[in-house]
Amino acid sequence: MSTLSMCQTQLGGFSFENCKRNAVLETEVTKVGCRMPAARKTGTTIVGVVFKDGLVLGADTRATEGMIVADKNCSKIHYISPNIYCCGAGTAADTEMTTQIISSNLELHSLSTGRLPRVATANRMLKQMLFRYQGHIGAALVLGGMDCNGPHLYSIYPHGSTDKLPYVTMGSGSLAAMAVFEDRYKQDMEEEDAKRLVRDAIAAGIFNDLGSGSNIDLCVITKGRVDYLRPHDMANKKGVRTGNYKYKRGTTGVLTKAVTKLDLEVVEETIQTMDTS
Amino acid sequence: MNTRGLRSQLKDSVPVTGMGQHIGAYGVQDTLRSGFSSVKNELLPSHALELSEKNFQLNQDKMNFSTLRNIQGLHAPLKLQMEYRAARQIQRLPFLQSSHLALDTLKGNDESISFEDILNDPAQSEMVGEPHIMVEYKLGLM
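For the record, the sequence lines run as chains W and G. Counted the way UniProt numbering counts, the first sequence spans residues 1 to 277. Counted the way UniProt numbering counts, the second sequence spans residues 1 to 142.
Calculated directly from the structure, the hints in this document are not laboratory data. Check before you lean on any hint, since a few could be wrong.
Claimed, not checked - 30 Å max Cα-Cα, derived BS3-like pairs, lysine-lysine:
hint: 1; chain 1: W; residue 1: Lys20; chain 2: W; residue 2: Lys31
hint: 2; chain 1: W; residue 1: Lys261; chain 2: W; residue 2: Lys248
hint: 3; chain 1: W; residue 1: Lys223; chain 2: W; residue 2: Lys164
hint: 4; chain 1: W; residue 1: Lys186; chain 2: W; residue 2: Lys257
hint: 5; chain 1: W; residue 1: Lys127; chain 2: G; residue 2: Lys54
hint: 6; chain 1: W; residue 1: Lys127; chain 2: G; residue 2: Lys62
hint: 7; chain 1: W; residue 1: Lys223; chain 2: W; residue 2: Lys186
hint: 8; chain 1: W; residue 1: Lys164; chain 2: W; residue 2: Lys127
hint: 9; chain 1: G; residue 1: Lys54; chain 2: W; residue 2: Lys20
hint: 10; chain 1: G; residue 1: Lys54; chain 2: G; residue 2: Lys79
hint: 11; chain 1: G; residue 1: Lys107; chain 2: W; residue 2: Lys127
hint: 12; chain 1: W; residue 1: Lys248; chain 2: W; residue 2: Lys164
With the hints as extra help, turn the sequences into a complete structure.
So this is what it looks like as structure tokens:
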């Protein structure tokens with residue numbers, strides 16, 4: 001590092017120091033025949049639909065890394081504020097960090113105004129941030145929430161354009177899900193009909209798109225109540241093994257047996273739940 | 001946050017100057033401070049966003065002051081810039097991290113979180129500046 005750059009104070013934020021080095025590395029690596037590591041994408045089906053008194057957001061739960069399933073049960077519906085939730089498709093880290101930053105900013109903003117935040121505020125914050133980074137942040141979002149003016153649903157693309165619609169789909173399985181919506185969407189549905197419609201749309205995405213799979217998560221937002229149903233439906237259950245390949249007891253003959261007792265004292269017991277899906 | 005229309009943003013933004021070397025005392029490249037120069041390194045930014053991110057805060061400030069001048073008159077940006085300059089002078093010594101509390105409150109950065117606060121936090125950088133060189137640079141003795 002040259003001495004003059006140490007004379008000025010460092011700034012936070014993105015650092016572009018390694019970009020040239022990475023470009024050179026990439027050319028070297030492709031010459032040898034390997035590939036650069038790829039970011040983990042969510043390869044997703046995310047949908048949202050507005051019904052009579054609120055809205056329903058739905059997402060699948062598969063995260064892919066190239067051709068491999070990286071996470072069989074990842075959570076794609078992110079919390080933004082008590083009345084606003086956001087589904088994210090695209091690069092998993094980008095959607096996670098973007099929604100967390102906007103959630104923090106919205107909380108500070110609502111503390112400053114003293115009111116419940118509005119969905120339009122979250123939408124504008126998201127689109128301004130995504131436009132500032134010109135699409136390099138790969139986050140395609142479905143933002144939905146309930147505020148003083150009723151239910152609102154927005155779809156936000158990685159370059160910063162947004163659409164306000166009564167039903168939206170995003171992600172690699174969006175075409176399959178949109179086909180279901182175009183066929184069966186009606187204005188002013190009941191809550192159960194809306195949940196069934198979203199479940200069918202996500203199932204269409206799961207069965208017809210390789211990038212989506214596993215379970216269906218639903219989030220129903222109405223005035224004063226949020227139902228986060230995870231999982232709402234397990235569309236792809238792992239099969240149960242029919243045969244047992246373990247050896248029966250007594251297959252190996254026992255020659256001698258020696259038992260040593262270990263004197264141990266239980267000092268502390270903690271339970272940590274694992275995601276064994 | 002941005003409240004201005006696109007056309008006025010374009011009119012008032014800072015022109016892109018490129019990342020030239022620091023010019024030394026006699027108008028020549030200052031090899032001692034900025035290392036050997038190479039045309040390829042200077043002319044092209046290494047990433048599409050590098051220049052726009054470097055000038056982002058400057059552009060925002062310029063736009064906001066312009067709007068303020070058009071709405072409230074010349075006194076408003078003048079007063080604000082005077083306050084900014086005063087707040088910028090009450091930091092700690094150059095090689096120590098100061099909290100910029102007064103400057104942040106004036107600019108409104110105390111009510112927002114962005115990548116500057118999460119990534120590359122200067123308070124946790126592994127390198128510390130040379131105290132003598134940084135103080136001399138700040139006082140203009142270098």
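For each hint, the structure was consulted:
| no. | hint | verdict |
| --- | --- | --- |
| 1 | W/Lys20 to W/Lys31 | holds (17 Å) |
| 2 | W/Lys261 to W/Lys248 | holds (27 Å) |
| 3 | W/Lys223 to W/Lys164 | holds (19 Å) |
| 4 | W/Lys186 to W/Lys257 | violated (73 Å) |
| 5 | W/Lys127 to G/Lys54 | holds (20 Å) |
| 6 | W/Lys127 to G/Lys62 | holds (21 Å) |
| 7 | W/Lys223 to W/Lys186 | holds (21 Å) |
| 8 | W/Lys164 to W/Lys127 | holds (13 Å) |
| 9 | G/Lys54 to W/Lys20 | holds (17 Å) |
| 10 | G/Lys54 to G/Lys79 | holds (26 Å) |
| 11 | G/Lys107 to W/Lys127 | holds (22 Å) |
| 12 | W/Lys248 to W/Lys164 | violated (63 Å) |
Violation of the numbered hints given earlier is confined to hints 4, 12; the remaining hints are satisfied by the structure.
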